[in-house]
Every structure is written in C-alpha cells, then in structure tokens.
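Engineer: Sequence:
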Amino acid sequence: MKLATWNVNSLKVRLPQVIEWLQSSEPDVLCLQETKLLDENFPHEAIHSAGYDVVYSGQKTYNGVAILSRKQMAERQDGIPGFDDEQKRILAVTVEGIRIICAYVPNGESLSSEKFIYKLKWLDAFSNWLKSELERYPKIAVLGDYNIAPDDRDVHDPKAWEGSVLVSNEEREAFRKILALGFSDSFRLFDQVEKSYTWWDYRMNAFRRNMGLRIDHVLLSEALSSKCKGCSIDLAPRKNERPSDHTPVIATLES
DNA sequence: ATGGCCTCGGTTCGAGGA
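If you count the first sequence from 1, you need to add 223 to reach our numbering.
Since the hints were made in silico from the structure, they are not lab data. Treat each hint with caution, since some may be false.
What the hints assert, rightly or not - For each label pair, taking beta carbons as the anchor points, the in silico distance ranges come out as:
1. His271 <-> Asp374: 24 to 32 Å
2. Glu445 <-> Leu261: 16 to 24 Å
3. Gly274 <-> Lys382: 45 to 53 Å
4. Arg431 <-> Glu319: 37 to 45 Å
5. Arg426 <-> His271: 20 to 28 Å
6. Lys450 <-> Asp375: 23 to 31 Å
7. Arg432 <-> Glu319: 23 to 31 Å
8. Ser336 <-> Arg426: 27 to 35 Å
9. Lys354 <-> Lys450: 15 to 23 Å
10. Arg426 <-> Pro304: 24 to 32 Å
11. Glu319 <-> Glu243: 40 to 48 Å
Here a beta-carbon is modelled for each residue, glycine too, at the ideal position from N, C-alpha and C.
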C-alpha cells in the first residue's frame, strides 16, 4: 500500500503532472493540497479516467484539499469537527480500515502576524481532533503540508532560518505534541540521505542549490508505523517544466 | 551579489505562499 502527499500549488496548472505522476508512481492514495479550485471546477473526470476515485474540498484562489484513491473511500470528514474555519484545509476518509487524513496546515506568514496566531490555534484544534481520532481508529495516516520543519536537519541553513516561521520553537513544539499522541514521522523511521527536503523556493535557483525545507510529512500511528517499509521523497516532479514548489512524499506499508 | 518566483483575480498590480 503506497500512501502519498503532494502540495501541487494549483491543480489547474499541475493537473497534467498529477496524472503523469499517478501513472508512473501508482500510489494507492494521493493527498493533494493547495488545489486552489472551487468544487464545481474540480477536474474529477480526468482523475477518474486515470483510475482513481476522488473527494475534494476547495475554495477560490487559496487552500483546497483532495484525496485520490484506487480503493473505496468511506466516512468522509470535511474540516476539523467543532473548529469553525472558512479555509478548506482538511479532508479525511477511511480506506481499507485505514483512516487517511489530508492536511494543509496554515503557513503563518511570520511570527508577528495574525496568521501565526491562527496557525497555532489551528494546530491546537488539529492535535485535539487527532487525539480523538486515535481513540476511534488505531490505523491512522496523517499526510500533508505541515508548514513545519521539525528539526534543524530539515532546514538547508538552520542559522539563516533560526526563529523564523516554519522552524520556530512554538511550531516545532506543536509538531512534537502531535507525535506525542502516538504518531511517527515515517521519514525518520529509516536511514535517509542528509539534506533531504520537500520544498524549495521558486527564487534563487533554490532547487538547483538544494536550498530547501522538509515541511511535507506522512505521520503514522503505531499500528501503521510497525508496518511501514519505507518513506521517500520523489524529487522528479520538482524537475518538471512549471513545477510545484513542493514535491511528493511517499510512505509504503506492508499489504 | 542578500535578491532573484509563481499563482490568482482581475486587470498590468497586490496578496499570499514558504
């Protein structure tokens, strides 16, 4: 079972790349973030034609999430229950007994921004919800763009980034709090090459110079992490013409 | 060399991303 996540930064622009990637990588489940599409404009037919069922929750211009699956999806949940949020950032479904949560965590902009306060509130609500989900579902995979680099290993230049949004202590503490509920960062279950990242700025030739951050993650509950055979970052789509600034992360589970 | 981009909406610039 291959579970993947990819922030596509506009599905309208990236649809051909997503279809191509589905065909070359054959994930069982793919979580997308930043689709930036109203539901009425979602390209469901192209995705069905590629052999995937899909659920989506979008809005104009910003945010938007979708889950693509080759197998039947059930128990759909939109948003964090009890957390009033206009922004479309969460979708959850159950696939073959595995709770799949697709998350687009707020960016936060900067530590002094109102958006940073929203990010921390959002993460608190998210964490509380994940705790209750764990009580209902032993097998949970939380895939998405967390907009948090958990450790200095996940930052190309920790000194330059010190204290900035995406790497601040408060954000890392929120990430650790989620792990403490009983999740593993699947990427760190395995030996990985140094300087592995999932996002690179469009500017400054950042990808060519590998000036990146690892901010997209697949978190697995204990019942799944014990079955995880590998987790990898696929750099290929970041080399495409007109790439997303993020690239996919794939976790493979024993079937 | 300390700044360099991309997407969207809606018009040719501002907001937002990370």
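Engineer: Return the numbers of the hints above that this structure violates; sort them in rising order.
Structural biologist: 1, 2, 5, 7, 8, 10 and 11
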